[in-house]
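With the hints as extra help, turn the sequences into a complete structure.
Number of protein chains: 2
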Amino acid sequence: MRKPKKERQILLKETIEQKPFITDEALAKLFQVSIQTIRLDRMELNIPELRERIKSVAASNWNETVKALPLEEVIGEIIDLELDKRAISILDITKDHVFSRNKIARGHHLFAQANSLAVAVINDDLALTANAEIKFTRQVVEGERVIAKARVLGQDKPSRTKVEVESFVDNEMVFQGDFVMYRSNQ
Amino acid sequence: MRKPKKERQILLKETIEQKPFITDEALAKLFQVSIQTIRLDRMELNIPELRERIKSVAASNWNETVKALPLEEVIGEIIDLELDKRAISILDITKDHVFSRNKIARGHHLFAQANSLAVAVINDDLALTANAEIKFTRQVVEGERVIAKARVLGQDKPSRTKVEVESFVDNEMVFQGDFVMYRSNQ
DNA sequence: ATTACTGTTAGTACCTAGTCATAATATCGG
DNA sequence: CCGATATTATGACTAGGTACTAACAGTAAT
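Read top to bottom, the protein sequences are chains A and B. One point on numbering: in my numbering, the residue at position 32 of the first sequence is 32, and numbering is uninterrupted. One point on numbering: in my numbering, the residue at position 124 of the second sequence is 124, and numbering is uninterrupted.
It should be emphasised that the hints constitute simulated quantities derived from the structure, not laboratory data. Incorrect hints may appear among the rest.
Note: identical chains are not told apart, hence a pair may lie in one copy or across any two.
What the hints assert, rightly or not - In the EDC-like style, the derived pairs of lysine to aspartate or glutamate whose C-alpha atoms are separated by at most 16 angstroms in a straight line are: (1) K55 - D170; (2) K5 - E44; (3) K162 - D84; (4) K162 - D178; (5) K19 - E49.
Written as structure tokens, this is what we have:
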């Protein structure tokens, strides 16, 4: 029934992470030990008391409300561009681009970088994405720098241009997309 | 210096709404009355005590967490969700979402709505887009309301789930995407 | 002038979910 | 079996309250 200290502490940590609203009393019942033991465990694991946990959850809420829409106009910085040929852009992955849970970059930011690069490379006043086939080949985490390279492949029909975009972190491909772009054909 | 009861109570309500972390003691000093007066005021105004306020702020985040994605991280507003089955979200296209030139919605916003819906519908702690095939079937302009509908199709492999997302403006399809989602366990 | 009422302040007992410190007991490994 | 580690118990204290009673000042009505 009762588990050894180490095991209990690991479970305790997980339980509190998952359910930060739980009291020491409830934890004591859950693990079949006294409240004091739970408190000693929290001490050792540096887990604050219930009220402080709730407070921090509430506070983190407050801050994230302020951040509003992270999807701004910034979708990478273009560092090389030859219209209707190729283009390169850089996007530094910050905390604004990642899931709060696991620090992995959200897919639409990688897509946005690639897509906007595909739009930018088209030598036309109007360029829209008609369709695309994309692959997220590796996870990107906070702090990494994504380099997207677009290559114009050619035109099936006069109003459709194919653009291939490949994105890299340290020469490792993280994203690959084939975009079919609509253009007005002035 | 000291204001009449009514005025104080109005200000009290506003103050607490704006700063829910404030204690009765601090409020008493702020309004130059005794703690008891503040408590009587809270009673009359049905404002709960500090800890309950903090709790509700914290809970408002925790409860509304859809497995993989906190609700406020979803692009668009989720109006229907049944995990691992289907989900619907609404995104109103504002000037923030369009090209300044022609008021046409930028593709990555439609993608972001669809992609985050595909993430949200997955009943798992970790959900990432592996790859996707998308079509922009009609242009969307500023002021239009996009309704995205996600449908979970099934699983090829245990860790891969297919999600189809179709987005509409006035019953007209504007976007269609087949997403292959990676999920951690379950 | 007395009564009634409102608004404010004061004080008590009690509550929860802890803290800290110390002591006593239980359990396990060698 | 002994000693170290682990656990439980005990008492005193804290913040931020609730719930209740009592007192008092100022105003209005009778």
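Do the hints match the structure? See the list:
Taking the shortest alpha-carbon separations for K55 and D170, neither the intra-copy value of 40 angstroms nor the inter-copy value of 44 angstroms comes in at or below 16 angstroms. With identical chains, the CA atoms of K5 and E44 are at most 16 angstroms apart within one copy only, with a shortest distance of 11 angstroms there and 49 angstroms across copies. Taking the closest pair of Cα atoms, K162 and D84 come within 16 angstroms of each other only inside a single copy of the chain (10 angstroms); across copies the shortest separation is 34 angstroms, beyond that limit. Proximity of K162 and D178 under a CA criterion of 16 angstroms is satisfied intra-copy only: 7 angstroms inside one chain copy versus 20 angstroms between copies.
Taking the shortest Cα distances, K19 and E49 sit within 16 angstroms of each other inside one copy (13 angstroms), while across copies they are farther apart (22 angstroms).
Hint check: a violation occurs at hint 1 only; the rest are consistent with the structure.
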